[in-house]
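A.B. asks: Residue numbers (this note's numbering), protein chains in the order written: chain X, 1 to 285; chain E, 286 to 572.
For the record, the hints were derived by calculation from the structure and aren't laboratory data.
One or more of the hints may lead you astray.
[Claimed, not checked] Cβ pair distances, simulated, as ranges:
hint, chain 1, residue 1, chain 2, residue 2, range
1, E, Pro485, X, Met185, 37 to 47 Å
2, E, Leu325, X, Ala270, 39 to 49 Å
3, E, Pro536, X, Ile197, 47 to 57 Å
4, E, Met406, X, Arg64, 28 to 38 Å
5, E, Met406, X, Phe44, 51 to 61 Å
6, E, Phe315, X, Arg184, 53 to 63 Å
7, E, His517, X, Arg91, 47 to 57 Å
8, E, Leu412, X, His146, 47 to 57 Å
9, X, Val274, E, Met486, 12 to 22 Å
10, E, Ala376, X, Phe44, 35 to 45 Å
11, E, Met486, X, Pro176, 20 to 30 Å
12, X, Ile16, E, Asn434, 15 to 25 Å
All C-beta atoms in this analysis are idealised placements derived from N, C-alpha and C, irrespective of residue type, glycine included.
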Amino acid sequence: MAFFGPFAVLFAAMYIAPIIYAACSSMFRVHRSGLGLSAPTKIFDPLDNYQQAFGDADFLASLRRVATFGIVQVPVMLGLALVLALLIDSRSARGKGFFRLASFVPYAVPGVSAALIWSFMYSTQSSPINNLISPAGLHIPFFGGHVVLWSVANIVTWSWTGYNMIIIYAALQSIPAEVLEACRMDGASAFRTAWSIKVPMVRSAIILTAVFSIIGSAQLFNEPAVLQPVSSGSISSTFTPIMSAQGAVNAGNYNYAAAQSVILAVLVGAISLVFFKLTGRSENT
Amino acid sequence: MSAHAQRKPHRDTALTSRAVVTALLAVSTFYFLFPLWWLLVSATKPFGSQFSGNGLWFSDFSLLDNLRRLTAQEDGIFWRWMLNSIMYCGAGALIGTVLSALAGYALAKYEFRGRGVLFGMVLAAVLVPKILFTLPLYLMFSGIHLVNNPLAILLPSVVSPFGVYMCRIFAAATVPEEVLEAARLDGAGELRIFRTLATPMMLPALVTIFLFQFVDIWNNYLLPAMVLSDDHLQPVTVGLVGWNARHVAVPPGLVVIGSLVSVVPLLIAFLALQRFWRAGMTAGAVK
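If we strip away everything but chain X, and leave its shape as in the complex, we get (with noise of 0.2 Å):
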């Protein structure tokens, strides 16, 4: 018991208590005298922060750009993951260990570092990207108000994509020889080898990495918070649902951050939960 002494004080402290605090100071409201001439005093008002957040047209788009990131991003990328992962497992791959690392050197590129680097990709006045496609008559506006969106998603796909590639791809690792060798005597081609045996019998990673990937989708701060000075104005402060916490916090208005905190996770938990279900394991790691 000792040995778990100091790592549970700390957890105590630096996880749970901030989220009971969390939890609490969501149940206040600062009031303010009329005339703002007495200090100001905390109410306890339960719902009201909550009521406020419900009624906050910012607050309740970014909760569905994140939605609408999350339902697209995700398996874009898991999906992205998947192939690599069985095209580098795949007998007619070549140089396995090159691509394999390949894929996951942006892992290795911190979240803020890519972001930085992809606003250079965006640049409006001088992206490389514009200027490799320009001769073909192309032209992408990174920050254009619709595709904005998609310039995020695009970092985080970058990002991560290699990391549920190893995932996957350990878990491709460990179906036996024997199940493989029987397909092949059975005549199945690698496709239908990949489609029917591989793909179900690594469920349980793709599952785990889908799981991670709601809650970062979640949480998405970094890339869009990088963007936002070079945006032009299509990143609002409150693009995402931790965006617009942080600008609550900034104006001083730490209850209703806190309200705005703990709505996001319990939807979080609630949709992770009810993914869990829908897929059908009970996952007992």
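For this one, chain X is given, so just place chain E on it according to the hints.
C.D. replies: For chain E alone, kept in the frame of chain X given last:
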């Protein structure tokens, strides 16, 4: 002869499929490496021409001059930021790994009341969005006047529920019960057993946890951006983003060079420790 005739079409399809697979992998590699290649090339171009000309090939190698300019900006504050990052991440990851190892080992090898509940809480903490801790932590730290203090970064960084989870799995898988029993019969104390027997067995996992936690702390932007307003205390990520946002006062070329310098240590660490993180991730993923 007939056997040869039968094999031939098979070999053709094998060649086609090899070509298709290689082509697809090459395209994906281009996607993953293009931005980094551009960064490397641009950081070596003459200062001020980072965004002009061919972004894909070197011209007039001036990396050293660029580094000199990076150093000259605001009295070399960039290197201060790098040092801050390395210290926050190094200390946070080191202490965090030790705490995770102790806690994970205890969860795997000792029976005690509430073990299941504790492990459940640790797992739940992996799944809860960080924002739920970050904002209240900021408020709590300002309550006890710990804002603008390196401890405000270090204390939360050393708690890694994911590390505990990985250590538990690893300790259960790699440290045999019989070895512990034998050591106990020989009269070794629990701490000594942990130090001399369990730790070496768990080493690959510990290196992985250290590496991932190092990256995690390096990546955490929200917390330092909130709790550290003194720019001499900031990590390199917060500093660079600040520069990027002030692109009138700070030439954008400096941000390009700074970005390159800031990713180099992590890339080297990952390349050097490949063997370990691959083993560690595999263990964490498969079960």
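A.B. asks: With reference to the structure, classify each hint as holding or not holding.
C.D. replies: Do the hints match the structure? See the list:
no., hint, result
1, Pro485/E - Met185/X: 37 to 47 Å, "43 Å, holds"
2, Leu325/E - Ala270/X: 39 to 49 Å, "44 Å, holds"
3, Pro536/E - Ile197/X: 47 to 57 Å, "55 Å, holds"
4, Met406/E - Arg64/X: 28 to 38 Å, "32 Å, holds"
5, Met406/E - Phe44/X: 51 to 61 Å, "28 Å, violated"
6, Phe315/E - Arg184/X: 53 to 63 Å, "32 Å, violated"
7, His517/E - Arg91/X: 47 to 57 Å, "56 Å, holds"
8, Leu412/E - His146/X: 47 to 57 Å, "32 Å, violated"
9, Val274/X - Met486/E: 12 to 22 Å, "39 Å, violated"
10, Ala376/E - Phe44/X: 35 to 45 Å, "40 Å, holds"
11, Met486/E - Pro176/X: 20 to 30 Å, "26 Å, holds"
12, Ile16/X - Asn434/E: 15 to 25 Å, "22 Å, holds"
Against the hints set out earlier in the document, violations occur for numbers 5, 6, 8 and 9.
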